[in-house]
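There are 2 protein chains.
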Amino acid sequence: MNTTVTAKAHTNIALVKYWGKKDPQLMLPQNGSISLTLDHFYTETSVTFDDQLAHDQIYFNDQLLQPAKAQRISQFLDLIRQRSGQTHFARVTTGNHVPTSAGLASSASGFAALAAAGSRAAGMHLDLTDLSRLARRGSGSATRSIFGGFVEWHAGHDDQSSYAEVLQDPVDWDVQMIAVVLKATKKPISSTDGMARVVATSPYYPAWVQTANHDLDRMRHAIAAKDLHALGMIAETNAMRMHALNLSADPAFNYFTADTLTAIQAVTDLRANGVNCYYTLDAGPNVKIICAGHDTAVIKAALAKHFAPEQLIVAKPGPGITITEA
Amino acid sequence: MNTTVTAKAHTNIALVKYWGKKDPQLMLPQNGSISLTLDHFYTETSVTFDDQLAHDQIYFNDQLLQPAKAQRISQFLDLIRQRSGQTHFARVTTGNHVPTSAGLASSASGFAALAAAGSRAAGMHLDLTDLSRLARRGSGSATRSIFGGFVEWHAGHDDQSSYAEVLQDPVDWDVQMIAVVLKATKKPISSTDGMARVVATSPYYPAWVQTANHDLDRMRHAIAAKDLHALGMIAETNAMRMHALNLSADPAFNYFTADTLTAIQAVTDLRANGVNCYYTLDAGPNVKIICAGHDTAVIKAALAKHFAPEQLIVAKPGPGITITEA
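Line by line, the protein sequences are chains A and B.
Take the first sequence: its position 97, counting from 1, is numbered 97 in UniProt numbering, and each next residue is one higher.
Take the second sequence: its position 160, counting from 1, is numbered 160 in UniProt numbering, and each next residue is one higher.
Keep in mind the hints are simulated off the structure, nothing from the lab.
Wrong hints could be hidden among the right ones.
Stated by the list, open to error - Distance condition first, Cα-Cα at most 30 Å in a straight line; then the derived DSS-like pairs of lysine-lysine:
(1) B/K186 to A/K300
(2) A/K186 to B/K183
(3) B/K305 to A/K187
(4) B/K187 to A/K305
(5) A/K187 to B/K183
No experiment lies behind these values; they were computed from the predicted model shown.
Please model the entire structure based on the sequences and the hints provided.
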């Protein structure tokens, strides 16, 4: 009989961004990053290794993935097979539990859940730190989604030294995010290709690595002090410096849409009116607003001028990974 | 009898941007810049020094300016009085000849015309190089508007060494710009304040100065070789690296509007379809498209999907300053 293992992992949003690989094979980043795991967006993945299978079968939201789309997942399963000695192919059923198809969960929660369910189903019993190292090989940001609350991913210099750990969990103060889910447009470039182009062509890249390391120090202090204003200002500046790298690449690219500019301006205006809120952005048009829970109503009201209620999703700090065997 | 001197100066659009002062008093830039003077946008300014006046009288587009708005012009006239020994106040009538109030002419043509008309009316006979140095004190970009065609402003290290000169005039090949004049919104920050914030807070600024100097070398070669593709690619990358500085400032700011992103995307799409066109942007939402005259129709047709015909203004290379005495 084959054991089925199910893992649930939440997505995370970086407050000090990961943007650029030092080693694409080992997925070592150029700089460390700090994130907040969110409660609202997660991936649930079940894995069963089965000697009756002639190849991996990957079901995503109940649809069997074609081989081309399943390839990245199969390669990750190869890594698990290689380490565990497991020789069979696997049946994987995975689903993203997000209110929309906005891609907010994506690869961070996906590869965290796959690392946890896949390794356990293959007979390995990894601790959370080793799970974090393993998830990293699937997707950089997945390194952080093993843990809940505020998490830091140490850049490291080899497989062993590049892993995430908890900075603060549970998060026992009033901080949250409001995801502004914007109309998806054709992505100008994938995050993998975007960051590779930036590392190769931006004259600003060395200064980015320096400033990100400085931001990590300051962000750790802001989190320890539960200082929303400091946390928000560091996150906002760091995010814009990441997007500045994209503008400075050759050729230039950017992930902004008209709605992105509108949401940024709304946050800036709110803050000018005394509301403690800050924005961050990743490799896509969506804006995430960092704020206190008690300001939710006033922020939603201001954004309602531009966006529909279903585009505004409140997310509280979320938990680390859970694993169950059936 | 008092001499009235009239000068006409055209605006210019930088292909390698000026963004940041080394010396705000002397208006010395951190890096040199290269521009194209345009035929379509100009300022005409007449100056008369008159012993009957109790203060400077500045008429802008036939309206007497209030003292607060006239101050920057009066301070420039003070500089001329100090150098020339002229003791009287002046009557200045100035007008921007641009198809819209989009601010495309603005301070570059304005201070170039004022430097030329004012200094001659005060009895000075400056050569073009000295006029360029004088115009610099009014507005950095005015340094270049003394000359026609392709112009380089040498950054220099003192008043004497910071001046512009012609790289190529007349421009005897098929290069032009199409100005995409977008809805004006409230400017987030003036260019003077914006560049000061960038110099003070952007971790990318030292790399900008290096890359701009490298771009100057490459741009000189592209102009000498009459190579539109090379010229356009250097200009586009340089412009986006200037705007990247703004995103990387603390606090971040940007001059993009939704229409800016639309125009940039239209140029990118056109080029992907084989049309030789490139964009550049200054401290505002407008996009200027660098292209050959023979592609005007196809570019206008593509942009007509998003913008009205009167928003698309074709500008050919323009002449240097002209001065007439009456």
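Status of each hint after checking the structure:
{"no.": "1", "hint": "B/K186 to A/K300", "in the structure": "holds (24 Å)"}
{"no.": "2", "hint": "A/K186 to B/K183", "in the structure": "holds (25 Å)"}
{"no.": "3", "hint": "B/K305 to A/K187", "in the structure": "holds (21 Å)"}
{"no.": "4", "hint": "B/K187 to A/K305", "in the structure": "holds (21 Å)"}
{"no.": "5", "hint": "A/K187 to B/K183", "in the structure": "holds (26 Å)"}
In terms of the numbered hints stated before, the structure departs from none.
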